Structures are given as C-alpha cells and as structure tokens.
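So the chains spell out like this:
There are 2 protein chains.
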Amino acid sequence: MSAYGPIADTDWIAVDWGTSSLRVWAVGRDGRVLAKAASQDGMGTLAPDGYEHALLKLAGSFLPDNPERPVPVVVCGMAGAKQAWTEAAYRAVPCEPVAAGQMMPVPTRDPRLSVSIVPGLCQMTPANVMRGEETQLAGLVSRLGAVDATVCMPGTHSKWVQLEAGRVASFSTFMTGELFAVISADTILCKTIAAQGEDREAFLGAVNEMLDNPGGLTGALFSVRAGALLTGLDGAAARSRLSGLLIGAELAATRAQWARRTVHLVGSGPLAEAYSVALESAGAKPVQEDAEALTLAGLAQVRGLMSRTIPRDKTQRLPRRLSERT
Amino acid sequence: MSAYGPIADTDWIAVDWGTSSLRVWAVGRDGRVLAKAASQDGMGTLAPDGYEHALLKLAGSFLPDNPERPVPVVVCGMAGAKQAWTEAAYRAVPCEPVAAGQMMPVPTRDPRLSVSIVPGLCQMTPANVMRGEETQLAGLVSRLGAVDATVCMPGTHSKWVQLEAGRVASFSTFMTGELFAVISADTILCKTIAAQGEDREAFLGAVNEMLDNPGGLTGALFSVRAGALLTGLDGAAARSRLSGLLIGAELAATRAQWARRTVHLVGSGPLAEAYSVALESAGAKPVQEDAEALTLAGLAQVRGLMSRTIPRDKTQRLPRRLSERT
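So the protein sequences, as listed, match chains S and E.
For the first sequence, my numbering assigns the number 1 to the initial residue and increments by one for each residue that follows.
For the second sequence, my numbering assigns the number 1 to the initial residue and increments by one for each residue that follows.
Please note: incorrect hints may appear among the correct ones.
Which stretches of chain E does chain S cover? Using the computed rule of at least three CB atoms under 8 Å from a CB of chain S, they are [stated by the list, open to error]:
hint, segment
1, 167-176
2, 181-189
3, 212-219
4, 247-258
Read the hints as simulated data drawn from the structure, not as lab findings.
Quick caveat, the model's predicted, so the values are computed rather than measured.
All residues carry an ideal CB built from backbone N, CA and C; glycine is no exception.
Input sequences plus hints: build the corresponding full structure.
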C-alpha cells in the first residue's frame, strides 16, 4: 500500500499488471515519479469486476479529489488478457512495440479514472504471445532509437526479441523460470536441490553442456539426481546445475541471436546476473537494462502517443481477425 | 489384497517394489505363478521398519503355515534404495544385469521369510542409476541370449539401455513421464491441456519437430499455450503435442541407438503404444515386450542363481567404494 496522501500534481498513473502482482506509479507533469505502490492483486487472483476496486485500493490516494479532467491510467500486462479486465487483442508482429490508436479503453465506475490498456503482441508462426514486454521494448526503443538489437528478458517465461529498425521483427518464449520452479519443487530432483545457495562452476559447466549438446536436456536433468547419489553433488551445486541446464538450453536455442553480439538483458538481481555470466562466458556482450525503468519509459511513451492521438471511437478498433481469435 | 488362502505349494515369492506400488507373485516349483497381488505400499510411503509388515499384509497368505525351510523372497526395485528397507548398493556397468553372489540378504522377524534384494545398477560417467530395470533386462537376456540389443523402457523416468553380448554396456535416463506430469498439471500449460484424449497428427508433428530441432524443447513448450490462444489448438491436441515434444526430445537424444534398428520396447498400454508409433514413424523397428513377464523372468533368473550360489556370508559383500558412496 501507498504511504502517500492525495497527490494533487498527478498528471497520469502508470500501471504494470502482472499475473501475480500489481504495481502503480503516480507521474507528475514533468514526468517525475511522485509516488509508487505495489500489491499482490495480480491478474491470477481477480475476477473481471475486481480490477477497478484493486486499482483504487492501491492508487486511490494518487488521485486528486476533484480533478479537472479524468486522470489517464495507462496499464500494461495481463490485465488485457482474455477473461481479465478488458481484452486488448494482440497486435501481430512485425510491428512497433506500441502504436498510436491501438490502446484499449476500459469503462470505469469512478469518474476520476480514464483507463487504457496496452495490447500485447502475437506472432502467428511459430505461434507466440507477449503481454507487458512490448511496453518495456517501447521504453528501450525510445532510448536506443530505431536500431536493430537483440533483447533477452529473463523470467518465468523468458522472451528473446529481435528488434529491426526499432520494430519487433520476431520473438520466442522459453519456459525456463517456470520449469525451474516445478522441476526443483515437484519432481524427484526435489530430494537433491537445496532451497538456496549457488555454485558458479556447476552453473557454467551445465550451461556449456547444453551449448555443446542442445538436445540433451531431459536426459541431463536426471543426471542431477544421479550425481547426488553417486558423486555427492551437493544441494547448492545441484541447484546451480539445474539452473545452468535450463538457461543453457535457452541459450543453445537462441545462439544465432547472441553470438558475438550485444544483448540487452532486461532484469535485475540474481536471475539477470546468472544470464549475464552465462552470456559473457559464451562470448556475447550482455548490457543490463533496468526492467522498472523500461516499463515506466514505455508507459510514458504510450501516454505521449495518446495525448496527441485521434478520437477515441477510432482508437478502439482492432484487426477483426486477431480479435476474434484470441 | 490377495483373494487366495494359504498356498502350500509356494516355492518362492517374487516381489517388484516400486516407489508407489508393491506387486507380489507366489511361484510354484514348476515355475508357474500360483497367485499374485498388488498394493499401494510403495517405497515412497514406508519407513525402513514398515517393509516386512507391508509384505506380510499382501503376501502372508502365500506362505505355508509351517514351511520346512524359510520361503525365498526375491525383491527388485526401490526397496533396495538408501533409506528404504535395506540398501543394496549399486553394481557398476558394464556388467551382467544380475549376477550370482550379489544379492543383499535382509533380516526379518518372521522366520518363514528369507528375503534378498536385487541391487540396482549405476554408471559413473555420465552419472546414472537404475533400480528394478536391471531385473527386466535379466529377463530379456534370459530369452534373447547374450546378444547386442537396444532396449527402451518408457515411464516416469524412461531408460535407454545398450546391451552388448547380454551385458549392460551403458544406459541413460530421461525424465519424460515426470516432466509430462508436472508440466501438464502445474505450469501455464495446465490451462490448455485436456485431462485425456489424443490427436495422432499433433503427436507425430511434435515428435518430428524435436527430431529436426533437438534443442528447441523449452521454447516449443510455450508454443502449446500460444497455439491454444492464437490458432485454437484444442485440449486433446495440446495434450498430444506436449507428449510428442517430450518423447521426441528423448528420441532425438537417443537417435544413434535406434536409427534403422530393432528396439525392444518394454511396456504396455497407451504409453508404449505412443513410443511404438513414434519410433516406427522415425524408421526404427520397435518390438513390444511385456514388462510384467520380463520382471518375473528376471526374478526367476535371480532365484535360479541363488539356489546354486556360494554361501551367504560371501554373497553380501559389495564393492566398498560404491557401497560407501550410495
């Protein structure tokens, strides 16, 4: 919850609505963040009619009591998924990360709010989707300009994105984080893997094993258990080995995108650090990017597009074909 | 539970003690199965002092009331694991599937029992272990003779075994079955995958995708979700696609063992059928083997070895180095 009182200077509110968390920022006329707050009211826990209440509970204090006009609230992430707040149908790549006239307006009961959701992106072949990352990509492009770049976004579902002239050309998704979670908690490996601790040598050894033998993953996973039984592989090394096998499998599959190149690595903390170490050791040039800063820059980009946009009734139309499908 | 009364003719008792189940057979002097029973008292649910009780509960009625001599009980599987009934330390490959003088005797309170556990096998490089499959391999070798052969044993942890002149030369383990279970139940894919149903075309398409691109597994997994969102991949097809991706990854990693060869496929039901279809479509010659028959033939092989074996005090010594480690 926010510790701030009503904030008279709020120009607009930035919202990142994930599956398991909700984060909000009050942004002033000069673009500075005046206040921020976060809660566990993620999309995974909410019914469609629960979103407005969850937003007001967290960000109500950011709103002036009697604003001259409704305060723009720009939302990225899973709030735009089917069966979430209001569906914002995917835009198909290749395309800009965000585009004028494509935001999805959301009706609200509170007259102080003017909510819009940023649509996610889809790729038809191979089938892929993202929600939220497009906004971080917009933030990155607003800083880098219309360049070609490789972007790696580690997480529950890691994304690898190819930018061409500032547009999203293609992307792929790896279930690396989620596989780590279920394999370490719910399979035979749970007997072997420590809850924490790390072993850099075991990690990099596993990354290299996967780079040398990309198809060896499901066999190598069991070797974590066998190694503990036969050679005394300890719990921290087993943990690092599992992480290295999964991240290594991801790097093996994306080699053409990072080999001898700069990789914009979006994230922070131990996970981004692990990707950075692995990429560097494999000959790439990772550049760490602050995920929160990119989200805010992307939402500001959207806010800018909206304030000079065409009338609302033209903005809410989305390509019929995709809209029906998703 | 058994529906049989005391069976006076029981010559010995065969036991397959898995992680989640216990199966027993009363075998007569002529080698015929006189009775059988099964329970859920697997190794996963028992403390070390619970095994004898679980065995008697299920197989007590197979024992004569006052046998002339203790009835041999030959046990394969997880009962010999560390922290199970009595540890039967792994034998290291290359070696025969089972060997005289290597069974682990287990002390019991009931004087009618003379229990021995068949040790599992280990491979030091790459690290790997099996418990139970060595007995099925012994059953297979007793029928095939001392041949070279490829054996595929699908399951929670699928094994691929290379037999050379009837000895186990090397083996590998794939967490295919366990990964299917946790990925379909506990990840984002659970929203997409039906509890049952199958789609042969989706299955074989996914198998071929992995054979063509063995490193693509963790990326292809997310495509099951994206395919459901974008192209209406239905629940049964999604289920078959996940199965095909995981089995395909296993086949891609073992290609040198099955390409244009006979594969002895140990198992039955839909899982063995899926492997059979995949292997045949990829140009191998799968021959289905009955798992229960092989287990019984292997345990009979062990029983035969024991009845003409050296004195017990010489039989319980195992290689010190492995015994200390495992």
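Structure-based check of all given hints:
{"no.": "1", "hint": "167-176", "in the structure": "holds (count 5)"}
{"no.": "2", "hint": "181-189", "in the structure": "holds (count 5)"}
{"no.": "3", "hint": "212-219", "in the structure": "holds (count 6)"}
{"no.": "4", "hint": "247-258", "in the structure": "holds (count 4)"}
Consistency note: the structure conflicts with none of the earlier hints.
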